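Engineer: Now for the letters of each chain:
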Amino acid sequence: MHPGAWWVWALGLGIAGSRTTNPLLLGLLIVVAGYVVAVRRTDASWARSYGAFVKLGLAVLVIRLGFAVVLGSPVPGSHILVTLPELPLPHWAQGVRVGGRVTGEGVVFALYDGLRLAALLICVGAANALANPSRLLKSLPGALYEIGVAVVVALTFAPNLIADIQRLRAARRLRGRPDRGVRGLLQVGLPVLEGALERSVALAAAMEARGYGRTAAVPAAVRRTTGALTLGGLLGVCAGTYGLLTAAGGTYGLPVLLAGLAAALGGLWLGGRRSPRTRFRPDVWGVRAWLVAGSGVLVAALVILASVHSPGSAAALHPGVVPLVSPALPLWPAVAVLVGLVPAFVAPSPVRGRTGTPGTPTLSREPS
Amino acid sequence: MIRFEDVSVTYEGAREPACLHVDFEVAEGELVLLVGPSGVGKSTVLGAVSGLVPHFTGGTLRGRVTVDGRDTRTHKPRELADVVGTVGQDPSAHFVTDTVEDELAYGMESLGLAPDVMRRRVEETLDLLGLAELRDRPIATLSGGQRQRVAIGSVLTPHPRVLVLDEPTSALDPAAAEEVLAVLQRLVHDLGTTVLMAEHRLERVVQYADRVVLLPAPGAAPVVGTPAEVMAVSPVYPPVVALGRLAGWSPPPLTVRDARRRAGDLRERLADRPYPQHTPTPLSMPALEPAPSPRRRFRRNPPPPPANPTPVHAAVVDALTVRHARVEALRRVGLTVSPGETVALMGRNGAGKSTLLGAMVGLVEPAAGSVRVGGAVPHRTAPRDLVRRVGLVPQEPRDLLYADTVAAECAAADADAGAGAGSCRALVSELLPGVADDTHPRDLSEGQRLALALAVVLTARPPLLLLDEPTRGLDYAAKARLVAVLRALAAEGHAIVLATHDVELAAELAHRVVILADGEMVADGPTAEVVVASPSFAPQVAKILAPQRWLTVAQVREALR
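Top to bottom, those sequences are chains G and U. The number in the numbering used here is simply the position in the first sequence, starting from 1, with 1 added. The number in the numbering used here is simply the position in the second sequence, starting from 1, with 765 added.
Just chain U, with the same shape it has in the complex (with noise of 0.2 Å):
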C-alpha cells in the first residue's frame, strides 16, 4: 500500500539530510508503528507518505515514495486527499471549520461527494468514533481527547485507504488515549485501513502494531519486523520490554498480559526484597510529616512556626476554589508540598491540574480559600519577587523564550531574577551540555527547549518549582535525562509539582501522588499506595508484579543486585 523506496531527504539549508536511504514496505490493512529516537526523521517519513514532504516543506527528496500505486512526486498532496488521511501532532492546528460536523464534511466537500454520501459518512463516523453527543459543538469547547477524535474522524469520512497519524497520543490522558487507540484498531479490524503512525509513548502503542518499522539513529537504515524483533534491539522501548531484557526473556513480552504470565520466578525472586525507601532525602530542618489523609488536612491546623523564619511548607493550598467564568475549576482543594518532595498531579485533560499550578504561582486567582508559597499570596505578589519563591515551567516551553539565542536568553533571565552574570548559562551547560551560544531556541528539539527554560526558571532558585505537562514529546532519552536533573533538584531540597498524564514518570519521580477529578481531589497518597491500586495510573511494572508494589525497572533491578 505504502512503499518507500530509497528515500533520502534533505530540507533546503539542511546540512545532514532528514532522512537517509529508507526502504520498506507497508502492507494493505496494516497497522505499522514508526519509532525511533527523537530526531531521526520520524515526521519526515510520515509527512512524505502524504506527499506534504516535499511539496508543501520544500527540500528534495530522492528515490520514490507510492501510495496505492500514486507516485507522490507527480501527485500533490490534495490529489493524495482521497488516498491519504494526515493527522499532525497538534490538532488544534488542523481544524478548518469551527463546528464538529462541519468539520468532518470538510474533507468530503473539497472532493465533492454527492451530499447524500455525505450526510451518510457523517453519521457513520459519529457513531464509530462516539462522537455523536458533539456533532454540534464548537470545536473550541472540546477537551484534548474529543480534538484527537474529532481531527481523525475528519479525515477518515473521505474513506481513504492510508491513515498517518503523527503522535496521536502525546497529548493526551492514559484514559483518552486508550480511546483513541480503540477506534484505530477498530479501522484497522472492521474497515481494513493501513494505518502508519509515530508515536514515542510505547508503552501505549506498541502492543497494537503488526509490525514496527525503526529508525536506530539519524542516517542509519530502518529496521522492520514484528514489534517482538524490532524491541528485542531497538534503543527505544517501553518499561515491559525493559522488564523482559532484565529478567533476560526472550522474545521480549510487549504486553503486561504476556509479561504477568511469564513473571512468576521474578515475583519469587522479589518476594523477600525490601521494597526501596522511596522518600524525600532529609533535609537540614525537619520538615517532613508523613503524608496526612486528604479528609483530616481540612480541619489539620499548621504545624506551630519553627524559629526559623523561613516557612516549614514550600506551599500550602487551603480549600481552594477557582472559577473559571462560572465554571468551577477547582473545589476546595488542599495540598501541601514540603521542601526536597515530589508531587505528582493526575488526571484527566481538564480536570484542574494546570489551574492548581497557575494558582500556585498567581496566574489564577482565588475565588475562595488560600494558597502560600514560601509565606506570600502568589497572586498579589509582584512578579519580579515571586520568581524567587516558586518557577513553573509551562506546557508549552517555548513561551517562556522570547529572545533569539541561547545567550541572550541567558542574560536575560540572569538579569530578571537578579542573579549574577552567567548564572544561568552555567545551569545550561549543566543541563544541556554542548548547545551553542548562538543557537535560537526554536532550532532545539523539544526536550532542549525544555531543559533551556527549566534553566531559565531555576536561574532564581526558587524553592518550589512547578512542572506542567514536562514529557509531551519527549523521547525515553530526553526523559532519563530529565528525572535525573529533577531528582538532583528535589535532592538539594527543592520541593517539585509536576503535572502530568505519564504514570511512568510519576513512578519514576513522585514521593506522593495526588489526583484530580472534575476539579476535586479524589486521591493524594504515597505514589506506591494511590497509583497500584488505580488501573489507569498503574506504572507497566506495577501491573506486571502486583501484589507487589514495584514501580519501576530500575527498582528492580536494585532489588536484584
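Chain G extracted, bound-state conformation (with noise of 0.2 Å):
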C-alpha cells in the first residue's frame, strides 16, 4: 500500500484531534489510532518508533502539568488544591508568579490542554510506525530525486556510525584502556569519524559506478521554461501567502497563491524529464489506499463539521473548565472518530518474522 495513504489518515485524526479538548474523545482518538499501529504495523526498525513518539507525549503533558502548577494558570478558579510557598519577585517582574495557589481548574486546563499536544504527536509517531519511509520518499517527484537518495543514504548510514562507535568503544577494552565514559568516546571519536568519510567515499563511487546521477540531454527550451515556472512559482507562492496575510490583499491574494503553486508544481514536472530514471514496482495507490487515506479524511471532516454545525456538540467538543464541569463523551464525533479504525480493517496484514534483529556489538562485521 502506498505509504502516503498512512500520512494522511493520521493528519487526518491529528486534524481532528487539534479540533477538540474533550479528554474523553482524545482518549478515544489515542486509543484508536494505537489499535491501528498494534495490528497493522510491520517488525521492521522504524516501526519501534511509535514507543518514543507515546513517550514524547506523555512527557508533554507532564511537563505542561509542571509548568501550571509551579507557573500558575490564567484560568481564574475557586477550587484550591494546595498552595504553594510563592516566590518573592521583585517589582519589575510583576505578572510573574512563582508557586502560590494551585486551582483544580488550572490544572484541569493544562490537562486538557497537554493531552491535546500528546494526541497529536501519537497521530505523527502512528504515520512513523506504519509508513515505510524510504518507500515514501521513492514517491517523490522525478526532480526532487536527488533529495530523496540523500535522505535514504542517510537514513542508512546512521545505524552504521553508531555500530562503529559501539565496535571501537569495544575495541578500547583490548587496548587496556576502561570501555566506558565520555573520555573513551571522545577518543574514539577521531577514528570513527574517518570510517564514516571512508565509507561515503566508497558509496559515492559505487553510485557513481552504478550510473547515478545520468542525465538524459533535454533541449535548452525545456531546460529554460523549467527555470521560469520553478522561479515565477515560487515568487507567485510568496506574494499569494503575503497578500493572504495582510489585510489589503484579501482579493488577490488566493488566486496568486494558487497559480504560483501550478507554475512550480509544472516547473517540477518538466525538471523530472532532465532525469532519465524509471522506479522499480513503484507504489501505487489502489483502493486500501483510498479507504485508508478517506477514512483519516472523513474523521477529520466529520469533526470539524460538528464543531462548526452543531451547537451541542460544539459545546462537548470544550468541555468548560470555569465553572469545572465533567466532561461528556459526544455521540457524532465520538463515532466519527471510530471511523479512524477502518485502517485496522482494509490495509494489508504485516508479514512478521522476516527481518533480523541486530545483534550486540562485537568485533565483527558479520552478522553474529
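Note that these hints are calculated values from the structure, not bench results. Quick caveat: nothing in here was measured; it's all calculated off a predicted structure. One or more of the hints may lead you astray.
A short, non-exhaustive set of chain U residues, derived as facing chain G with CB atoms under 10 Å [stated by the list, open to error]:
no., residue
1, Gly812
2, Arg843
3, Leu845
4, Ala846
5, Val849
6, Ala858
7, His859
8, Leu878
9, Ala905
10, Gly1127
11, Glu1161
12, Asp1181
13, Val1222
Ideal placement from N, C-alpha and C gives every residue a C-beta, glycine not left out.
Take the two lone chains, each set in its own frame, and fit them into one complex as the hints suggest.
Structural biologist: The structure is reproduced here in C-alpha cells:
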C-alpha cells in the first residue's frame, strides 16, 4: 500500500484531535491510533519509533502540568487544591508568579491542553511507525530524486555510525583502556569520523559506477521553461501568502497563491524530464490506500463539521473548566473518531518474523 | 572487450606510479584472473576498467583503456554503467538502498529501463543467484556470503557485458566462496559475460580462470597467459602449484583433480615416511594432556591445581552460552587451551567464532556457563589488568590503532600495557622491519597493519593471544611471515586461538581444530584428524595426498629430504 495513505490518515486524526479538548474524545482518538498501530505495524526498525512518540507525548503532558502547577495558570479558579510557597519577585517582574495557589480549574485546563498536544504527537508517531520512510521517499517527483537519495543514504548511514562507535569503544578494552565513560567516547570520535568519511567515499564511488546522476539530453527551451516556471511559481507562492496574510490583499491573495503553486508544480514536472530514471515497482495508490486515506479525511471532516454546525456538539468538544463540569462524550464526534479504525481492517496485514534483530556489538562485522 | 594500451597511473602526491606500462586485452566471454603480490596495483587496474580511476580517485592515467569500444577518457563511470558492473572489496560499502529487491533494481532505475523489463530481470537475477528467499530482507540482516551475492546481483541486473570483481571471496567461508564462484561460472558459461577479477586466495579461483594476468612486481610489465603457463613463473601460487613445483610436474597442476592423477608416485615415495609430530612444543610446565574428545569434556573434572600459582590452562571455557538479543549465538561450548598450543576455530560466517573470541576477552557477557582466562573472569576484569592475560587482534586491525604515527602508537601501547618504554617499538621492528617511525598507520598495507596491531597487543605479553580472521586481504608472502611469527610465539609458550576461514592457514599453524556450526561445537581434535575428514575444511595438499595425512607443502618437503 502507498505509504502516503498512512500519513493522510494520521494527519486526519491529528486535525480532528486539534479541534477538541474533550479528554474522553482525545482518549478515544489515542486508543484508535494505538489499536491500528498495534495490529498493522511491521517489525521493521522504523516501526519501533511509536513507543518513543508515546513517551514524548507523556513527557509533554507532564511538563505542561508541571508548568501549570509551578507558574500558575491564567484560568481563574476557586477550587484550591494546594497552596505552594510563593517566591517573592521584584516589582519589575510583575505578572510573573512562581508558586502560590494551585487551582483545580488550572490543572484541569492544563491537562486538557497537554492531552491535545500528546494526541497530536501520537498521531504523527503512528504515521512514522506504519509508513516505510524509504518507500515514501521513492514517491517523490523525479526532479527531487537527488534529495530523496540523500535522505535514504543518511537513513542507512546513522545505524552504521552507531555500530562503528560501539565497535571502536569495545576495541578500547583490547588496548587496556576503560571502555566506558565520556573520555572513551571522545577518543574514538576521530577514528569513527575517519571511517564514516571512507565509507561515504566508497559509497559515492559505487553509486557513480552504477549510473547515479546520468542525465538525459533536454532541449534548451525546455530547460529555460523549467527554470522560469519554478522561479516564477515560488515568487507567486510568496506573493500570494503575503496577500492572504495582509488585510489589503484579501482579493488577489488566493488566486496568486494558487497560480504560483501550479507554476511551481509544472516546473517540478518538467524538471523530472531531465532525469532518465524509471521506478521499480512504484507504490500504487489503490483501493486500500483510498480507504485508509479516506477514513482519516472523514474523521477530520466530521469532527470539524460537528464543531461548526452543531451547537450541542461544539459545547461538548470543549468542556468548560470554569466552572468545572465533568466532560461528556458527544455521540456524533465519537462515532466520527471510530471511523479512524477502518485501516485496522482494510490495510494489508504485516508479515512478521522476516527481519532479523541486530546483534550486540562485537568486533566482527559479520552478523553474529 | 577490455583493452589496456600501455597504461600507467600515478596518483596525486605519490612518488611512484601505481602501475606502469600495463598492456593486455580481455576477449569477450573470458574469465580473467588478475594476480600478483600486494601493492602491485591490482585494484588500480580494476578501477581503470570502470573509469573510477582516474575520474573518481584523481591522479593521472597515461595510455588508453577501452571497454566495449568506449574510451574511459571520454566516458565517465556513470556513462559506462550499462557496460561495466563493479563490485569492490567490501560489499557493504556498495549498497545504496536497504532491501535486497530495491538494491537489485537500483542500477536499472538509474539507467532508466522500462518497469516490466526491470521486474523480469529482478526475478531472473533472484533465481540465478539463489536469492529468492531473501528478496524482502533488509540488507543489514544478511550474512557475508549473502551480501556478496546481492552485491554481484545488483550489478548484474543492468546486464553489463563486463563484470569487475575485487577479491570477491576473501571475506567468505569456503562454502560461501564456492557459491559465489559457481555463480560466476554460470554467468560466463550461460550469459557470455566477461569477468575480470583480482583475488589473493588463488587456491579457490585459479581453476576457473581462462587466462591469468600476472603483475609480478610494482612497475613490472604484466605477464599474460593460460593459468598453467603463468603459475609456472608466478611469485604467488596456491599450494597445489607449490606441490607440483616440488614434485617437478610440468606444467604445474591447477586443480586437486589434476594433481591427484599425477600424485601416485609421490604418494608411494611418501608412504613409508613418518608424519611430522605436529604437537605443541613441551614447555617448562607439564601442561599438555592429550586433547580430550568434546563429549567427555563437559563431565571431566579440571585437573588438580599444581603447586605453582600459574594456572595450567591458558583459557578454560565451560558450557558457555551467549545470547544476542533473543538469538543464541553460542550454545554450551567448551574449550580448553593450554600454553604453547595453537587452536583454529573454523565454521561458516556467523557460526559464532567471533562471539567466542569476544567472550574470551570480555567483550561479550556469557548468559550461562563460564570463561576463565589465566584464572580471571574476563568480563569482570578491569581492561588494564586483562591486557596482561589475553590479547585480541580484531578482524579489522585498524580498530586497535588510534594514533597518527607508528611511534605514537607504540608509545601509547607501552603506556597502556605498563611496559618499559620502547618495548612495543622493539616488537614492531622485529615483526615489521623497515617501517619508519612517522608512518601513518592508515598508509600501511593490510599485512603491515596487522603486524602493527599484533605488536601493540603483544606489548603486554599476554599468555593467550586471539586472532580474528588474520589473513583477510594478505598475500602469500605476508601470510608466510605471519605464520613464522605465530609459530615463534607458540614456541615461546603463548597459547594462540585463531578464528579463520583459511584452511591453508589452519593446516600450517594449528595443533587443534575446533569447528563451530550455528553456535555449537561440532568437532574438536588434532588438525590432521579433523581437517582430513572434511571436504570443505581440508587443505589442498591433504586432498591430493589422501588417504595419507600430509597437510602442507612444507611437511612434504621436509619428509622428502
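Engineer: It remains to establish, for every hint, whether it holds in the given structure.
Structural biologist: Hints, one by one, checked against the model:
1. Annotation: glycine 812/U was flagged as interfacial toward chain G, and the flag holds, the nearest CB pair being 9 Å apart, inside 10 Å.
2. Contact between arginine 843/U and chain G, as hinted, is supported at the beta carbon level, the nearest pair being about 5 Å apart and thus within 10 Å.
3. Proximity of leucine 845/U to chain G holds as hinted, the smallest CB-CB distance being about 8 Å (cut-off 10 Å).
4. Look at alanine 846/U: its Cβ gets to within about 3 Å of chain G, closer than 10 Å, so that hint holds up.
5. The closest approach between the C-beta of valine 849/U and any C-beta of chain G is roughly 7 Å, which is under the 10 Å cut-off, so the hint is satisfied.
6. Of the supplied interface hints, the one on alanine 858/U holds, with its beta-carbon coming within about 4 Å of a beta-carbon of chain G, less than 10 Å.
7. Hint status for histidine 859/U relative to chain G: holds, with the closest Cβ pair at about 4 Å, below 10 Å.
8. Taking 10 Å as the C-beta cut-off, the interface hint given for leucine 878/U holds, the closest approach to chain G being about 6 Å.
9. A hinted interface residue such as alanine 905/U counts as satisfied when its beta carbon comes closer than 10 Å to some beta carbon of chain G; here the least separation is about 7 Å, so the hint holds.
10. Hint on glycine 1127/U holds. Least Cβ distance to chain G is approximately 7 Å, under the 10 Å limit.
11. For glutamate 1161/U, the interface hint holds, since its Cβ comes within 10 Å of a Cβ in chain G; the closest pair sits about 7 Å apart.
12. Because the closest C-beta pair between aspartate 1181/U and chain G is about 4 Å apart, less than 10 Å, the hint holds.
13. Interface hint at valine 1222/U: satisfied, since its Cβ lies 7 Å from the closest Cβ of chain G, which is below the 10 Å cut-off.
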